[in-house]
Amino acid sequence: MGGQTKAHRAHFEAEALPQLPALYNFALALAGTDDAEDLVQTTCVRALERFDSYRPGSNIRAWLFTVLRHEWVSRHRRRQRLTLVETDGPDEIVELRDDAPDLEAALIDRRWSAEIKAALLGLPESYRLPVYLKDVEGFGYREIADIVGCPLGTVMSRLSRGRAALRTALVGQARERGLLRDQPDLGGSHEL
Amino acid sequence: MSCESVRPLLPAYGDNELGVESALAVERHVRECASCRVLLERQRGFAASVGRLYPRAPLPPGLDERVQSALRSGATRRPWLNVLALAASAVLVLAGLWRLTRPSAAAVPARVLAAAEIHRSADRRQLSLAIHSADVAAVNTWLAHALPFRVDAPVQKTEDIALQGAATVDLAGERVGYVEYRHEGQPISLFLLPPRAWPASGRLVRFHDIDFQLFQINDLNVIVWNHPPLSYVLVSKLEAHGARACAVCHSSTTEAALLRFADNGEI
Chain A
817 MGGQTKAHRA HFEAEALPQL PALYNFALAL AGTDDAEDLV QTTCVRALER FDSYRPGSNI
877 RAWLFTVLRH EWVSRHRRRQ RLTLVETDGP DEIVELRDDA PDLEAALIDR RWSAEIKAAL
937 LGLPESYRLP VYLKDVEGFG YREIADIVGC PLGTVMSRLS RGRAALRTAL VGQARERGLL
997 RDQPDLGGSH EL
Chain B
29 MSCESVRPLL PAYGDNELGV ESALAVERHV RECASCRVLL ERQRGFAASV GRLYPRAPLP
89 PGLDERVQSA LRSGATRRPW LNVLALAASA VLVLAGLWRL TRPSAAAVPA RVLAAAEIHR
149 SADRRQLSLA IHSADVAAVN TWLAHALPFR VDAPVQKTED IALQGAATVD LAGERVGYVE
209 YRHEGQPISL FLLPPRAWPA SGRLVRFHDI DFQLFQINDL NVIVWNHPPL SYVLVSKLEA
269 HGARACAVCH SSTTEAALLR FADNGEI
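Protein sequence lines correspond, in order, to chains A and B. Residue 817 is where the first sequence starts when you use the working numbering, and the numbers rise one by one after that. Residue 29 is where the second sequence starts when you use the working numbering, and the numbers rise one by one after that.
What the hints contain is simulated information worked out from the structure, not anything from laboratory work. Possibly wrong hints are sitting among the right ones.
Claimed, not checked - Computed from the model, here is a short list of chain B residues facing chain A with C-beta under 10 Å: (1) R70; (2) G79; (3) A85; (4) R94; (5) R234.
Claimed, not checked - Here are the simulated lysine to aspartate or glutamate pairs, DMTMM-like style, with alpha carbons at most 20 Å apart: (6) B:K265 x B:D151; (7) A:K822 x B:E93; (8) A:K933 x B:D239.
What the hints assert, rightly or not - Okay, the calculated bits of chain A under chain B, using three or more residues with CB under 8 Å as the criterion: (9) 837-851; (10) 855-861; (11) 935-941; (12) 965-978.
Model, not experiment: these values are computed from the prediction. Idealized CB from N, CA, C, for every residue including glycine.
My request is simple: use the sequences and hints to build the entire structure.
Put into structure tokens, the structure is as follows:
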């Protein structure tokens, strides 16, 4: 391996290795525990191969996440012989309703980390990723669109639907535990 | 700007993703409108709580060294991992078959067991439907009024499966929607629930970005899945682990794909 290649790899490692924890957590959210480590490792090798396409000064984490997502989709396609039409519906924003229960206090007071994680990971991938990338990782809409590989309007729509579904799941749990006593028991109504 | 025109913009405004002009217009409105201001604060509060409380997993020991080693060698996979993956697949397949042939009542969620019981009542013609109709629009309208949560999924008619009607039923203490179909005299029961995180049990199959859980309760096949804004439980005696019953909502082309999914899908 020549000096230039070594320098290239050293540059890549200096940029990419500090992102490993975030990359690993994204792999967990995307692929689950069984595949996450291998996905991170493969992603890093692929990213090094394509490092010339990375624009210095741009967001390295977003770029690595995009490579990881591509790698995951490519694996998925290899394993998944079936394809169906996307059942997303139109790009609509789901609005929070005036009578939605005050869930935020319950989340914070009870430190509902495990519940939030379980509910978020329980969402379908098309909703889970925008919520994870926005609310957990703090990416902008444009970066999320690049990582997920869909138009900006679709990101906004899926993000609002994902947040609504996440809120509904958590409201249901809060009700079951009697944490939203002021609300009538609607059997887990669809408050957003 | 009216509340009606501001509200769809609130999420993007809260995320600092609106253009300057729209952001200023929303800001002016929110300053004067208490109800939109409360909604904005709650949206922001919810997103911030998710970001703050979502637990981050630590990096597994040795992963950074393995990554560096892979970068040096250009290897994308440790050789022994292939063997391990093969062995793990075999174990999972066997575990899946074991689950199918020897179902564990303890592992089956209470609502799945309750759904199977309600289905048996329907099979004995002992379940009273609140609306008897083969008209999809009429059943949808009735469901929209009867359920305290929104039903977005349209009930679709298929050629060889006939819609019978709908009701609300008590599913392990929760009031949920129930839609009944018949195929060659046999009932197919579709339960509509608010979304939830189902405990990981049964035979897990991922298909088209949706995680399905398949259970066999004696002679009944039960399929459970989430597709916001609803969760679904589908019960039937139909073959291919119940996937043929998916035809209640899907075309025959999709049904064929679903059958292949049930027969060959990942376990």
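Going down the list of hints, with the structure as the test:
Because the closest C-beta pair between R70 of chain B and chain A is about 6 Å apart, less than 10 Å, the hint holds. A hinted interface residue such as G79 of chain B counts as satisfied when its beta carbon comes closer than 10 Å to some beta carbon of chain A; here the least separation is about 5 Å, so the hint holds. Checking A85 of chain B against chain A: minimum C-beta separation of about 6 Å stays under 10 Å; hint holds. With 10 Å as the threshold, the beta carbon of R94 of chain B comes within range of chain A, its nearest partner Cβ sitting at about 6 Å, so the hint holds.
A cut of 10 Å between beta carbons decides the hint on R234 of chain B: the least distance to chain A is about 8 Å, and the hint holds. Between K265 of chain B and D151 of chain B the CA atoms are separated by roughly 10 Å; this keeps the pair inside 20 Å, and the hint holds. Between K822 of chain A and E93 of chain B, the direct Cα distance comes to roughly 17 Å. Compliance with the 20 Å bound is thereby established for this hinted pair. With a C-alpha separation of about 16 Å, the suggested pair K933 of chain A and D239 of chain B falls inside the 20 Å cut-off, and the hint holds.
Evaluation of the coverage hint for the stretch 837-851 of chain A: fulfilled, as 5 residues show C-beta separations to chain B shorter than 8 Å, against a requirement of three. Look at the stretch 855-861 of chain A against chain B: 5 of its residues bring a Cβ nearer than 8 Å to a Cβ of that chain, three or more, so the hint holds. For the stretch 935-941 of chain A, the stated coverage by chain B is satisfied: 7 residues place a CB nearer than 8 Å to a CB of that chain, which reaches the threshold of 3. Under the rule that three or more residues need a Cβ within less than 8 Å of chain B, the assignment of the stretch 965-978 of chain A holds, with 5 such residues.
Violated hints for the displayed structure: none, as all numbered hints are satisfied.
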